[in-house]
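Novice: Line by line, the protein sequences give chains A and B. Using the working numbering, the letters of the first sequence map in sequence onto residues 31 to 437. Using the working numbering, the letters of the second sequence map in sequence onto residues 31 to 437.
The set of hints was computed from the structure by calculation and includes no laboratory data. Heads up, some of the hints might be wrong.
No copy labels: a pair is met if it fits in one copy or bridges any two.
[Stated by the list, open to error] With a straight-line Cα cutoff of 20 Å, these simulated PhoX-like cross-link-like pairs (lysine-lysine) come out:
hint : residue 1 : residue 2
1    : Lys73     : Lys241
2    : Lys245    : Lys221
3    : Lys130    : Lys166
4    : Lys412    : Lys67
5    : Lys412    : Lys48
Here the structure is a predicted model, which is why all the values come from computation and not from measurement.
Number of protein chains: 2
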Amino acid sequence: MNLLTMTDSLLSKYRGRKFAVEYWDGTRKVYGTEDSKRFFTIKLKTKSALKNIVFRGSLGFGEAYMNGEIEVEGDLADCVSIPSEPYFQLFRPSVREKLKYIRMYLKNRNTLKGSRKNIHSHYDLGNDFYRLWLDKNLQYTCAYFEYPEQGLEEAQINKMEYVCRKLELKPGESVIETGCGWGGFAIYAAKHYGVKMTSYNISHEQIQYAKEWAKRENLEDRVTFIEDDYRNATGTYDKYVSIGMLEHVGLDNYETFSKTIDERLKDKGLGLIHSITKVFPAPTDAFTAKYIFPGGLIPALSEIIPHLENRKFTIIDIDNLRLHYARTLHFWRERFEKNVDKVREMFDERFVRMWRVYLSGAMTSFSDGPMTLSQILFAKGKVNNVRLNRRAFYDTNYEDPHWQYWT
Amino acid sequence: MNLLTMTDSLLSKYRGRKFAVEYWDGTRKVYGTEDSKRFFTIKLKTKSALKNIVFRGSLGFGEAYMNGEIEVEGDLADCVSIPSEPYFQLFRPSVREKLKYIRMYLKNRNTLKGSRKNIHSHYDLGNDFYRLWLDKNLQYTCAYFEYPEQGLEEAQINKMEYVCRKLELKPGESVIETGCGWGGFAIYAAKHYGVKMTSYNISHEQIQYAKEWAKRENLEDRVTFIEDDYRNATGTYDKYVSIGMLEHVGLDNYETFSKTIDERLKDKGLGLIHSITKVFPAPTDAFTAKYIFPGGLIPALSEIIPHLENRKFTIIDIDNLRLHYARTLHFWRERFEKNVDKVREMFDERFVRMWRVYLSGAMTSFSDGPMTLSQILFAKGKVNNVRLNRRAFYDTNYEDPHWQYWT
């Protein structure tokens, strides 16, 4: 039996949403049993495209798509998860393929030097590129939507506001931020909450941008941007915040990560970690590891929490914003496609198609897959003048009572 | 150097809140450095009382107090944690003492039969006893206070309401409850949310009471109380809830516990676990294990979450209500002391003093110690018509928008 016959016979048993495959020899077949508005056609222009999918999973799919051996009619986001379906996964990657993955993961480990290289490869693609499709505050993390129809610009401001409220930021407080992107949160918090921000980042392009931004806003006395690794941070602070950095830390470093928080945070301080998480522990998808986030690892809550408990932090609140991230990615994709000609000019067609797989795959992994977005709020030591509930996260008119019996 | 001299010299180095010790020989000394409104005097009437504290920790303190060898002037709740202070803990329990603990923990394991025995010893002390100091809905779990001055009766109704809102209960839905106490939550949910409750409990006295209560309320068609172990539950349900049972399950059974939830909950169902948790993993305090909750074990989040992840449940929300529990215990103690003469009549002075140590110690462990109260809300499978945020937990007038893009 040849590959095409075998694939066809396996897919014929598929019980999910309907989709079509157009093979290189011109035959077209519809698989699946459920009618769906998310119907798509995947066109396999070469036999090697099919080989890539069945033997090399998401990495094979991604590369074949990047090379133009695969085209999709309909939404790529609905298609990207198909190679992960069990019916496509009968063939496990070969030992040689697996060894390649392991070499790649090892090469990209997050030593102080390795992290710089990993971060450089993604975040230093050029500020102009990211400005094409992010919001104007350059928030490259999950937005927070107050109602389903809200736009991205507003939702990104909401996200910053949401974090400030959770941390109960007060004028004059000192805040350490590890992983600050282009500085949007630091500038927002300094401007609207009067805190003194000290923000770390190892992306050279981002930190340069952040410094200039602070200057333009006349906030240089309240915001300090430092181009250095979180592990080299110094001083102690009233509050700790990290938005979208844990994804780059790597499991090996979680003990160091939580130790750093413990050392930088004053007693009775609050901290917040905002990170993508997985519903259960699993290694990084090979396409993502190779092309998008070298050294990246999305943890499950069970992989983070023991390290917070080791430091005796009290977990106050864990909030799951997974569909907010799916919606954020919807907007990023929309803006990316609107500016796709400019992206093609900056890079090339292969890059465009790579970024498409990345954004589409990410969106689907939040809406249909195992990805979630967690905001973990915690306290160092016994913090007893806390809020009675979380209504003030949402409702600015709420009187926001605090406990007072044990202070 | 004798025991008294040694203790005195150690306590003289104590840096915490001031307190006094009155020794059996009549000498009185003040220790600590911080002035405090929580000042107390601990009277050690015998040398053996001191021996018990320094060699046998909380168990020695508890037993010496039960026997009347210790009296406390001031609040017992402020005193109970003192034996756990490092200055009192220079002497570790002897090997013989430790072996006794291990024997006790082994004897009280939560097999199907063991659980019945363990639960019987606490919850079958008599409904009349619990009615003396619980609220009128007999909620023997953490209440939820909307403002600091709210009373217990209202706060316990709030707690039931809070759980119903988190689970988005709708008329006609089926709900399985494991560990239902006297049935208060089941009756509330059936009455106010129109759900069909199936509630399990192995306490004979409690389940008898619950059945009669349902009858009085004419809710027998909507509430089924079953005297059986959660592990023997059958059927499948739209929602799952467990309020204050996990504390009795024991680490050995967490895999079975989460498997039971998985088997009983329909796909796309929501579940809620309400349980005392610890800031970090630690064994059960020996006094509690011996006198109050044989077989009990308070888990850390890191001990629960892996089992939920194994079942691929998506964690939606983790809420920490620790100071709500401290406040709840404040009211229970107040009511207990108001009815202490009746308790003494039902049992004896030793029981009264035992219960005092228990309630006081529990209160302090929430306000000053490592205990927290977690409500963990989770979903089975991809539930995408979820709320955008948690405001509706608090605000009944809120329009409560749901996501709709991925359903």
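Novice: Given a CA cutoff of 20 Å, do Lys412 and Lys48 count as a within-copy pair, a between-copy pair, both, or neither?
Specialist: between (54 Å within a copy, 19 Å between copies)
Novice: Should Lys412 paired with Lys67 be assigned to within, between, both, or neither, using CA atoms and 20 Å as the limit?
Specialist: Answer is between; shortest inter-copy Cα gap is 18 Å, intra-copy 52 Å.
Novice: With 20 Å as the alpha-carbon cut-off, assign the pair Lys245 and Lys221 to within, between, both or neither.
Specialist: Within one copy only: 13 Å inside, 61 Å across.
Novice: As a check of your reading, is Lys130 near Lys166 (CA-CA no more than 20 Å) within one copy, between copies, both or neither?
Specialist: This pair counts as neither: shortest intra-copy Cα distance 39 Å, inter-copy 66 Å.
Novice: Using 20 Å as the alpha-carbon threshold, which applies to Lys73 and Lys241: within, between, both, or neither?
Specialist: Result: close neither inside a copy nor across copies, 47 Å intra and 63 Å inter.
The structure is inconsistent with the numbered hints 1, 3, although it conforms to all the rest.
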